[in-house]
Amino acid sequence: MIAFTVVGSFWLEIFLKVRVLARIKRALQAIWPIASIFIIWDAYAIKSSHWRFDKAQVLGIYGPFGIPLEEYLFFFFVPIAAIMTIEAVRTVKKDWPL
Amino acid sequence: MSYTQLAIVAVVCAVLFDLLVARTQLLKRRVFWTSYAIILSFQLLTNWWLTSRNIVMYNPATIVGLRIASAPIEDLLFGFALVLGVLTNWMRIGALEKRRQQL
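Residue numbers (my numbering), protein chains in the order written: chain A, 1 to 98; chain B, 99 to 201.
None of these hints come from the bench; they were simulated from the model.
You can take every hint at face value.
In the SDA-like style, the derived pairs of lysine to any residue whose C-alpha atoms are separated by at most 20 Å in a straight line are:
1. K55(A) <-> Y156(B)
2. K25(A) <-> Y72(A)
3. K47(A) <-> I153(B)
Quick partial rundown of chain B residues pointing at chain A, CB under 10 Å, derived from the structure:
4. L124
5. R127
6. V129
7. T144
8. W188
9. E195
The beta-carbon is built from N, C-alpha and C at its ideal position, and this holds for glycine as well.
Construct all of the structure, not just a fragment, from the sequences and the given hints.
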C-alpha cells in the first residue's frame, strides 16, 4: 500500500517538477507535528482496541507504543503524497488563486 | 472516546487550524478541493485494499458501522483531518519562508 502511494505520487516530482523532495526540510517541518498527533491517536486506538492489524500481514517490526513500522511509514508517505498532489495542482493550474 | 467521536474531533481541529489559527484558508480555495478529490480517490483504493483483505480490522463497538469501499466511514474523516492538517502546515511554513525572504 505504501509502495502504491509512492509510485502514485513520486512521479510528480520528476515530471511536474513539484519540488517537494527538493524542499524536504520544509516538508518534514510541516509533517512531523501533525504526524505526531496522529501517532498518539494511533497508539490510543490500538490500546483501546479501536483497530488492530493482522499479525500475518505486517512485517512484525514494532516501534514505540506497539505501533507497527508500516504505520510510521504511512504517516510519512501519505502526507508527502498529499503535499506533492497540491503542488502538482498548483503547477498545472498556475492561474488559480492561492 | 470511540473512533467516531475522535474522527469528528480531528476534523473540527483541522478546520479550526486552517481557518482560524494558521489562517491559510485552504477550505475556501479551489486548489485544495481539487487536490483533496484526487487524494480521496486514492484513499478509497488503499482503504479498500487494507480492509477487504483484513490487514486492518475495526472493533464494531467503536464505529457507526457505515462502510464505504469496505472501510468504515470514520476513515474518511481521519484522512480528511490528516490531509487538511498537513497541507495547512505546509502552506503556513511556505508563507513564513516567503515573508522572511522579503525582509
